[in-house]
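Enquirer: Read in my numbering, the sequence shown has 1026 at position 147, and its numbers run on one by one without any break.
Misleading hints may appear alongside valid ones.
Unchecked claim - DEER-style ranges, computed between Cβ atoms: (1) Pro-960 - Lys-915: 35 to 45 Å; (2) Gly-1068 - Leu-1044: 31 to 41 Å; (3) Gly-910 - Thr-1041: 30 to 40 Å; (4) Ala-1049 - Phe-979: 19 to 29 Å; (5) Ala-1036 - Arg-932: 31 to 41 Å; (6) Phe-955 - Arg-1064: 34 to 44 Å.
Claimed, not checked - Result set (BS3-like, lysine-lysine): computed pairs, CA atoms no more than 27 Å apart in a straight line: (7) Lys-909 - Lys-976; (8) Lys-983 - Lys-915; (9) Lys-906 - Lys-976; (10) Lys-915 - Lys-976; (11) Lys-906 - Lys-983; (12) Lys-983 - Lys-909.
None of these hints come from the bench; they were simulated from the model. From the three backbone atoms N, C-alpha and C, an ideal C-beta is built for every residue, glycine too.
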Amino acid sequence: MIYATLILCMAAGFLLGSIPFGLIIAKTFKGIDPRKAGSGNIGSTNVARLCGRTCGIMTLFCDIMKGLLPSLLATFVIPDPFLQSLVAFSAVLGHIKSPFLGFKGGKGVATTIGALIPLAFLPLLCAVACFFIVFAATRYVSLSSMVMSGALALFCAIFGHTGLLPLTIALFIFIVWAHRTNIGRLMRGEESRFVLKK
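Modelling step: build the complete structure from the supplied sequences, incorporating the hints.
Expert: If you want it as structure tokens, here you go:
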């Protein structure tokens, strides 16, 4: 019974995670396809650059919620933290490999934040603090996101959330891989610092 529940939750998490809110918001409010402008990403950073702060915040909120809701549901119907983490991973995977976008998508950072809120709030809070420290020093969202994802695994280990370590390590690998072009630009000194559209 629990495995049937797990499969249903994972499927729901993947489908919710795969909804490209950044694309929907940018095209609805500004008529812009973020896949064809800026960094080409559907995440909140690119949407904010192209469409302004309000659209960026809306995208960020929606991307966080599509990670949070499946994980929150899992905490009520699945007792095991490791199995809960599979639901969280499904939501992030849906965002990164959306079937609505030809199995392409965003980089999974905001959805990861949402997915970890119900599962490991304190480690997540510490990891987000690392994000803001790096961002304040560099203004590089990509670098800050990768540092945050690595810090998340570290703080889960520190705070004893061992059942979530496979999830956080997998998310770190996925997020770094999703940022591989950013890593190249960072190494060449060509990465754009975050500046909102005026």
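Enquirer: All the hints need checking, so say for each whether the structure fits it.
Expert: For each hint, the structure was consulted:
{"no.": "1", "hint": "Pro-960 - Lys-915: 35 to 45 Å", "in the structure": "holds (40 Å)"}
{"no.": "2", "hint": "Gly-1068 - Leu-1044: 31 to 41 Å", "in the structure": "holds (34 Å)"}
{"no.": "3", "hint": "Gly-910 - Thr-1041: 30 to 40 Å", "in the structure": "violated (48 Å)"}
{"no.": "4", "hint": "Ala-1049 - Phe-979: 19 to 29 Å", "in the structure": "holds (23 Å)"}
{"no.": "5", "hint": "Ala-1036 - Arg-932: 31 to 41 Å", "in the structure": "holds (36 Å)"}
{"no.": "6", "hint": "Phe-955 - Arg-1064: 34 to 44 Å", "in the structure": "holds (42 Å)"}
{"no.": "7", "hint": "Lys-909 - Lys-976", "in the structure": "holds (24 Å)"}
{"no.": "8", "hint": "Lys-983 - Lys-915", "in the structure": "holds (14 Å)"}
{"no.": "9", "hint": "Lys-906 - Lys-976", "in the structure": "holds (20 Å)"}
{"no.": "10", "hint": "Lys-915 - Lys-976", "in the structure": "holds (18 Å)"}
{"no.": "11", "hint": "Lys-906 - Lys-983", "in the structure": "holds (18 Å)"}
{"no.": "12", "hint": "Lys-983 - Lys-909", "in the structure": "holds (22 Å)"}
Hint 3 from the list above is the single one not met by this structure.
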